[in-house]
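Engineer: For the record, the sequence lines run as chains A and B. All residue numbers for the first sequence refer to my numbering, where the first residue is -17 and numbers rise by one. All residue numbers for the second sequence refer to my numbering, where the first residue is 70 and numbers rise by one.
Bear in mind the hints are in silico, worked out from the structure with no lab data behind them. Check before you lean on any hint, since a few could be wrong.
Label pairs and their computed distance ranges (CB to CB) [claimed, not checked]: (1) B:Ala157 x A:Ser154: 52 to 62 Å; (2) B:Glu135 x A:Arg51: 48 to 58 Å; (3) A:Val(-10) x B:Gly158: 25 to 35 Å; (4) A:Glu34 x B:Asp147: 49 to 59 Å; (5) B:Glu135 x A:Trp31: 27 to 37 Å; (6) B:Ala157 x A:Arg203: 32 to 42 Å; (7) A:Asn186 x B:Pro88: 26 to 36 Å; (8) A:Tyr171 x B:Ala157: 31 to 41 Å; (9) A:Asn2 x B:Ala122: 43 to 53 Å.
We put the beta carbon where it would ideally sit given N, CA and C, even for glycine.
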Amino acid sequence: MDLTKPKVLENGIVDLGCSNRSAIIRLANWAQDLIDNNKPIPRSPFCKWAAERVGSKDKQDLTIFISARKGKGKSYTALYLASRIAEEIALLLGGKPSDYFTIENCALLMDSSKITHLLSTKGKYQVLIIDDAGVGANNREFLSRGNINFNKIMMTCRTKRWIVIFTSVLKSHVDLNIREMSDILINIYKSFHEGGFNICKAKNSDVIELPNNKNMTISKRLSFDKDNKKIDFWVSFAPDRKLAEEYDRQRDIAADKILQESNEQLNEKQAGKAETKQQELFTKYYEKVKHIYESEPGIKGKEVLRRCPGLTPTYLDKMRAQINAKQEED
Amino acid sequence: MSFSDTNKSNSNPMSGGTPKDKYVDFFFNQFGCYTNILRSETDEGILDRATAALIAICPDVALREELFKKYTEKKGIDGVTTASAGLAGNFMSHISDTLEFTEKSYASVF
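Only chain B is shown next, with the shape it has when bound in the complex (with noise of 0.2 Å):
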């Protein structure tokens, strides 16, 4: 399986909306992708491969570049499954933070 096989958001020319609704539609849809590579891909160089693709898509430079040099870093510790799973959850974390997928409540005092 690879990214380009199933990049239906980005293939869809009558796919609508705002640019920031045609983004997050292309980025699950590389998410999901990815998520399968993840989870079912024993060649470390593919999944090692995968993951830059996924940076790649971050928006945000400087999310991008903390996102790799993190990877990078955890990589040589714990090694490429490992490393890949923590930026899959710090990405979805940033995702959610942005799109506010999780609403908060505030309180305060009198």
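For reference, chain A alone in the conformation it holds in the complex (with noise of 0.2 Å):
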């Protein structure tokens, strides 16, 4: 008998053996094996208690709140989750998987405004993704509309059983109320691209407040079963290849949105304080300026700059060609 082999339980409960720092290994291995041999993945104990949790007589939505340095496969453990739990809802409550997730239910680095409209579109029992929740739920942008206008549908979620993944990089960088009103808190420890999977750990996430105003948050490790074992890890696989691949090419799309989105508010912005400074100057120096190119033809332009201070060379050219133009016209 090999008894550092993981034994799956009940409820697909992987027995790792002793905590140690090699259960991580062990586990690895074991995901590994299931690939390569294209073994059946076990039932996931948690994608049936959020199906049954959104699903059943409880009333109840979940959040999901995923976190992970660049590139460590935060979208990917997102759409593999939400497909998996999008099969646990189909199994409940009947249909087919895609009734309750598509790569429609995907908010890609999108604006708040946006997020807003697909929330507000999307039907009962859905899933759906934010992912790079800092760009359209953004903790620095706390006062916009968007972000107030999300707080208020995801408060309001319950009433339609949804289940919000949000992924970002850190926590910290979406919107508080976004943070404390999650459920469950994910985080990839280590990922294994070329494998295939990635190990995450995953907790659930309780506020409490406390009586100095203050709030307390309490996470807990998850478990599913009777004899409360505590699960230390969570293993999600690649996602299927074509809705990655579709994920992937709308993601492309929608950065180079946001790119140009960026350098338009740049250009405007720029566009705007150089009309707000021209005027300005205008205002203050144009009858000046005339008035001294009539008493003085043929001043220097460095003298009348002298004489108006604040005023530059580009905005004196363009009053100068302002009153020649007037000068013609009269």
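Take the two lone chains, each set in its own frame, and fit them into one complex as the hints suggest.
Structural biologist: This is the structure in structure tokens:
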């Protein structure tokens, strides 16, 4: 008997043996064995629980927050998780998994108004992904209309029984309300990109209000069996290839769009600034410059600039061009 | 050497803690004595009685009966010494599970 080989227990829980540093290696070997030999992936107790939470009489919703450094596989983990939860919801409520999750349910790097639109148009029991939530629900724009609308929707999403999966590099990058409303926090602990899986840690999160008007977040490992076995690690596999490809394609489009919007905003801002400055200088010096040139024809530009502090050669040229044009008109 | 000679925890009125703590203290003292007997005793009669005494301090009725049954079965086949060693191992495994000496890791899939 191989004492170090993980054993799959009831409810899809894997017994890794002793809790030591090599437990994660044993788990990685087990996961790799499933992939390499096309073995069936056990039913997920988490996804089953999530589906029952939204699909049962409890009338609950679920907010999941996935965090990890860039490139560790947050988006793919979110996609895989969403697909698996959709499968469980389909088993529970009937229909196809695609009735509960498709690529249309993903908000990719979108701004908050688009997220708000997406959330407000989706039906019941949907699994949604807000990828890179820092873009749409940024903590630095906490009073923006988009964030406020977004929070309102998040607070009322219970009636729609949604499962919303946020991803972000750090939890702190996202608006506080969303962070506090997250039920499950998932962190990508170790990536095995070449192997086709990630090892994650997951905790449930509860916020308690303290008497001094402060909040305290309590996080606990998840457990789903009668013996209350605390689950230390979770394996997420690569999502469906077609889904991942489409996701990547849409993400590239979204990234380009964001970049374009940022550039446009920057240009508008710069254009606006230049216009204001020109107006200010024209109001202040136009008549004075006109008078100087009329009274002292042939005066050097340098001398005019010396008499008009703040005026630059560019604006002086513009002013002269306008003065000449007016004189010609007259 | 007998059980009563080194029965420290049971004789110490100052031993504190919860009933569980007291039992654990008592058990390990008894178990230490038992392994000494198992290691050194050549008289099978004494070892047999020591094993019976150890089984008797098992707090779980079902487990106690199971241990006793297994011990008597194995004693007939492998002899007192081997059966006693097996029983000591089984008893310790049970205690380890109860007191969670070995912390385990669990995982699952999304």
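Engineer: Could you run down the list of hints and mark each one as holding or not?
Structural biologist: Going through the hints against the structure:
1. B:Ala157 x A:Ser154: 52 to 62 Å: holds (54 Å)
2. B:Glu135 x A:Arg51: 48 to 58 Å: holds (52 Å)
3. A:Val(-10) x B:Gly158: 25 to 35 Å: Given about 26 Å between the Cβ atoms, the range holds.
4. A:Glu34 x B:Asp147: 49 to 59 Å: holds (51 Å)
5. B:Glu135 x A:Trp31: 27 to 37 Å: holds (35 Å)
6. B:Ala157 x A:Arg203: 32 to 42 Å: holds (34 Å)
7. A:Asn186 x B:Pro88: 26 to 36 Å: Given a distance of about 33 Å, which is inside 26 to 36 Å, the answer is holds.
8. A:Tyr171 x B:Ala157: 31 to 41 Å: holds (40 Å)
9. A:Asn2 x B:Ala122: 43 to 53 Å: Once the Cβ atoms are compared, 36 Å apart, the range 43 to 53 Å for Ala122 (chain B) and Asn2 (chain A) is violated.
Hint violations for this structure: number 9 only, all remaining hints satisfied.
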